[in-house]
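**Q** Below are the chains, spelled out letter by letter.
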Amino acid sequence: QKEVEQDPGPLSVPEGAIVSLNCTYSNSAFQYFMWYRQYSRKGPELLMYTYSSGNKEDGRFTAQVDKSSKYISLFIRDSQPSDSATYLCAPGTNFNKFYFGSGTKLNVKP
Amino acid sequence: DVKVTQSSRYLVKRTGEKVFLECVQDMDHENMFWYRQDPGLGLRLIYFSYDVKMKEKGDIPEGYSVSREKKERFSLILESASTNQTSMYLCASSNRGSGNTIYFGEGSWLTVV
Chain A
18 QKEVEQDPGP LSVPEGAIVS LNCTYSNSAF QYFMWYRQYS RKGPELLMYT
68 YSSGNKEDGR FTAQVDKSSK YISLFIRDSQ PSDSATYLCA PGTNFNKFYF
118 GSGTKLNVKP
Chain B
104 DVKVTQSSRY LVKRTGEKVF LECVQDMDHE NMFWYRQDPG LGLRLIYFSY
154 DVKMKEKGDI PEGYSVSREK KERFSLILES ASTNQTSMYL CASSNRGSGN
204 TIYFGEGSWL TVV
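Going down the list, the protein sequences come from chains A and B.
In short: position in the first sequence from 1, add 17, done, that's this note's numbering.
In short: position in the second sequence from 1, add 103, done, that's this note's numbering.
In case anyone wonders, no lab produced these hints; they're calculated from the structure.
We put the beta carbon where it would ideally sit given N, CA and C, even for glycine.
Heads up, some of the hints might be wrong.
Computed footprint of chain B on chain A; a stretch qualifies when at least three of its residues, placed anywhere within it, have a C-beta under 8 Å from a C-beta of chain B [unchecked claim]:
1) 49-60
2) 115-127
Calculated from the model, a selection of chain A residues having no Cβ within reach of chain B, i.e. all distances over 10 Å [to be verified]:
3) Ser29
4) Glu32
5) Ile35
6) Asn39
7) Ser43
8) Asn72
9) Lys73
10) Glu74
11) Thr79
12) Gln81
13) Lys84
14) Arg94
15) Asp95
16) Gln97
17) Ser99
One side only, chain B facing chain A, incomplete, derived with CB under 10 Å [unchecked claim]:
18) Val107
19) Arg112
20) Leu144
21) Gly145
22) Asn203
Kindly generate the complete structure, drawing on both the sequences and the hints.
**A** Okay, structure coming up:
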């Protein structure tokens, strides 16, 4: 079983839609959770960082963590064509080891 | 802003050549990483280093070696390039300690012909 499972998509939505991106994980040791955005032929860039369960909001982006069900989500409100990218979830432990989902490719159509 | 710089963005090399991929970070991070990223396989860790001259194998170290002579610089070496090493290579760095995030470079696209 993979440490982190993520639907690869692609996910195609119209501009203005609410997007939900999700990951499940198996390791209870994961303490904090990151989302990365990766544009085509670029390196991943840190988008959101949350620690433990709960929600964190940053502009149009909301990260949600449910540690009891080992489920993490990223919501994008009022999606824009510039949000078209691949989104990777990345749980982390306290031991400097990082795990990554395989990424969900999102396409927001104008 | 954290800056992780990969010196070569696009390279084409011949089978059997020795290839060097260089990476420099400017945030005084202790940890540095090399990943490769392939469609459908996600990010796979090749090697990481938690200190100067220290290195640890990741999940797919075969065919690769690394060098970390200075804290800010981490090099990936393909001793004898093969076509199955055609990929995107990502360097990354992070601080040591809990709760730290990892920062990536822009990536190096390597094609081995």
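**Q** Determine for every hint whether it applies to the structure shown.
**A** Hint check:
1. Interface restraint, the stretch 49-60 of chain A with chain B: holds (6 residues with C-beta to C-beta distance below 8 Å; minimum three).
2. Residues of the stretch 115-127 of chain A with a Cβ under 8 Å from some Cβ of chain B number 5, which satisfies the need for three, so the listed coverage holds.
3. Every CB of chain B lies more than 10 Å from the CB of Ser29 (chain A), the least distance being 18 Å, so the non-interface label holds.
4. No Cβ of chain B comes within 10 Å of the Cβ of Glu32 (chain A); the nearest lies about 26 Å off, and the non-interface call holds.
5. In this structure Ile35 (chain A) is separated from chain B by more than 10 Å, as the shortest Cβ-Cβ distance comes to about 26 Å.
6. No beta-carbon of chain B comes within 10 Å of the beta-carbon of Asn39 (chain A); the shortest separation is about 16 Å.
7. At the 10 Å boundary, the C-beta of Ser43 (chain A) stays outside the reach of chain B, the nearest C-beta of that chain being 15 Å off.
8. Every Cβ of chain B is farther than 10 Å from the Cβ of Asn72 (chain A); the closest lies at roughly 18 Å, confirming the non-interface assignment.
9. Against chain B, the non-interface label of Lys73 (chain A) holds: every CB pair exceeds 10 Å, the least being about 14 Å.
10. At roughly 18 Å from the closest C-beta of chain B, the C-beta of Glu74 (chain A) stays outside 10 Å, upholding its exclusion from the interface.
11. For Thr79 (chain A), the requirement that its beta carbon stay farther than 10 Å from each beta carbon of chain B is met, with the minimum near 18 Å.
12. Against chain B, the non-interface label of Gln81 (chain A) holds: every CB pair exceeds 10 Å, the least being about 18 Å.
13. Listed as a non-interface residue, Lys84 (chain A) keeps its Cβ farther than 10 Å from every Cβ of chain B; the least gap is roughly 15 Å.
14. The claim that Arg94 (chain A) lies off the interface holds: its Cβ sits roughly 23 Å from the closest Cβ of chain B, which is beyond the 10 Å cut-off.
15. Interface exclusion of Asp95 (chain A) from chain B stands, the closest Cβ pair being 26 Å apart, more than 10 Å.
16. Every Cβ of chain B is farther than 10 Å from the Cβ of Gln97 (chain A); the closest lies at roughly 23 Å, confirming the non-interface assignment.
17. The beta carbon of Ser99 (chain A) is kept farther than 10 Å from every beta carbon of chain B, the shortest such distance being approximately 18 Å.
18. Restraint check, Val107 (chain B) versus chain A: the minimum CB separation of about 8 Å is within 10 Å; hint holds.
19. Checking Arg112 (chain B) against chain A: minimum C-beta separation of about 9 Å stays under 10 Å; hint holds.
20. With 10 Å as the threshold, the beta carbon of Leu144 (chain B) comes within range of chain A, its nearest partner Cβ sitting at about 7 Å, so the hint holds.
21. For Gly145 (chain B), the suggested interface contact is upheld, since its CB lies about 4 Å from the closest CB of chain A, less than 10 Å.
22. The criterion of a C-beta within 10 Å of any C-beta in chain A is met by Asn203 (chain B), whose closest approach is roughly 7 Å, and the hint holds.
Violated hints are absent here; each numbered hint is respected by the structure.
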